[in-house]
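Protein chains: 2
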Amino acid sequence: MNSLPIGIFDSGVGGLTVLRAVRRRLPQESVIYLGDTARVPYGVKSRGTIERYAVEDAGFLLRKGVKMLVVACNTISANARERLRAEFDLPLLSVLGPGARMAARVTRTGRIGVIATEATVESGAYERAIRVASPNRDVEIFSHACPLFVPLVEEGETDSQVACLVAEQYLAPLREKRIDTLVLGCTHYPLLKPVIGATIGANVTLVDSAEATAEETAQLLENRRALNQSSSGGVSRFYVTDAAGRFHKIAERILGEPLDYLEAVEVWGHDKLESK
Amino acid sequence: MNSLPIGIFDSGVGGLTVLRAVRRRLPQESVIYLGDTARVPYGVKSRGTIERYAVEDAGFLLRKGVKMLVVACNTISANARERLRAEFDLPLLSVLGPGARMAARVTRTGRIGVIATEATVESGAYERAIRVASPNRDVEIFSHACPLFVPLVEEGETDSQVACLVAEQYLAPLREKRIDTLVLGCTHYPLLKPVIGATIGANVTLVDSAEATAEETAQLLENRRALNQSSSGGVSRFYVTDAAGRFHKIAERILGEPLDYLEAVEVWGHDKLESK
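Chains as they are written, first to last, in our numbering: chain A, 1 to 276; chain B, 1 to 276.
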């Protein structure tokens, strides 16, 4: 059981920042990653659709055999966490909780910014989770959707003039709120960390939910005595629902190393074509 | 039969530029529009997936009762046109052909640029269609993918500083090729026409495939004596597969008028949730 892989899933490539952080923190663990690239992005879709897709994604990983699930997508965490917990009987961690808890821990002034996709911001899930994690103090939370950040990252525009201009546009309103902590509430955003950091200012602590999630993943497995004790390093296998070539290119850019195993699969059980 | 609506479909909101052009050219015709917003964007997906989605989209419109189909998405036109013709027995026009034919007609020097999504550029469909439409002359075609244009349009950033900077980045290489004609090979791009025109230069003719398609739609219906003879104006009905609120906002911005009828629907016949 302990030698089973950790299952990590996302709507596309964003969750690879979580995979990267988990691999660094737990090099002996194997990982199976699923990116639902046929239906990416989830961030502009409705709650019902996101729930349905998330259940299909998680079901695929369960059939592959995993010892825990990591929801490496803030949009899925914000919209489908309860549904996933109700459907699946398996340890489950989603990026949103660890990011919110770390923000509550590091803020000094209690003025916290959250940047995320439209669907995550609209769900209000970060605000709720940060308040739950700050039971004995007042916090002020300022959320802002940054819809162009995801396409910028996917096009590799992480330090271009365009990226700086877009960051200025999104972050100027938050700078004015005098926040001292900024949650990168989308797994794509850690790849823009240098630009975001320079724009928001050095006095603001950036909370990278990918790193926070890797830390809690390690704690969860340790508490359940489920860490892989093997001394050989773990392996990563990657599955996508479409366009493996494009994923391959972006994934190698994000991970900074070649992929060992990549396969295109279907995760939607009954979605057959009707032919005439 | 002649009073039946025209069916227009796209992966999202882009095809609304085609609907707008058709409504202007043929105000007496009714139109049903389908935007597959649950699975948008198609432009980064594989040919097989695009074909499958396109067949489901077209099938939905057929069940609603339409007298012809207009594929208002260059990615679908480039990747699924043959498949749609094979599956459905109905007059079918797709944006790619009219745009290519107009480019062949208006170029003086034969040096033509095409800007489109990655999937359209990779298909080579515009190059082939422009060559077919230019049987007696040499043409040189320069294609360039502009992946950030779609998210810019969907976020309403059509004349911002960011839009200008992105346009400069994508169009500078084409300017150097001394093209005299530029095909806007994605239905989102007409909304960036002022920025694209200013960046590429006033000596380059922009071919708006939405307008070209509206013109050929009128010709097709006239040739088949299928124009609506009613003297009252046509009506437009809109269907989306997800997130009707977001579509509504963007659609009214693109069309410049309120939507009469908008409904969220499912187009995938067998894609039911498996509950435990």
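Just so you know, the hints here were simulated from the structure itself, not pulled from any lab data.
One thing to keep in mind: the hints can contain errors.
If chains are identical, the list can't say which one is meant, so a pair holds when it fits in one copy or spans any two.
With a Cα cut of at most 20 Å, we get these calculated SDA-like pairs of lysine to any residue [said to hold, decoys possible]:
1) Lys-249 / Glu-82
2) Lys-249 / Leu-221
3) Lys-67 / Arg-101
4) Lys-193 / Asp-89
5) Lys-177 / Arg-131
6) Lys-64 / Asp-89
7) Lys-64 / Asp-159
8) Lys-67 / Ala-145
9) Lys-64 / Val-31
Tested hints:
Taking CA atoms no more than 20 Å apart as the test, Lys-249 paired with Glu-82 passes in neither setting, with 33 Å inside one copy and 29 Å between copies. Neither within a single protomer nor between protomers do Lys-249 and Leu-221 lie at most 20 Å apart by alpha-carbon distance, with minima of 31 Å and 45 Å respectively. Proximity of Lys-67 to Arg-101 under the C-alpha cut-off of 20 Å is found in neither arrangement, the shortest distances being 24 Å within a copy and 57 Å between copies. Taking the shortest alpha-carbon separations for Lys-193 and Asp-89, neither the intra-copy value of 35 Å nor the inter-copy value of 53 Å comes in at or below 20 Å.
Taking identical chains as interchangeable, the C-alpha atoms of Lys-177 and Arg-131 lie at most 20 Å apart only when both belong to the same chain, with a minimum of 18 Å there against 57 Å between chains. With identical chains, the CA atoms of Lys-64 and Asp-89 are at most 20 Å apart within one copy only, with a shortest distance of 15 Å there and 42 Å across copies. Within a single copy, Lys-64 and Asp-159 get their C-alpha atoms no closer than 37 Å, and across copies no closer than 48 Å, so neither meets the 20 Å cut-off. In this homomeric assembly, Lys-67 and Ala-145 never come within 20 Å of each other (Cα to Cα): the closest approach is 33 Å inside a single copy and 41 Å across copies.
For the homomeric pair Lys-64 and Val-31, the shortest alpha-carbon distance inside one copy (11 Å) is at most 20 Å, but the shortest distance between copies (46 Å) is not.
Going down the numbered hints, you'll see the structure goes against 1, 2, 3, 4, 7 and 8, while the others check out.
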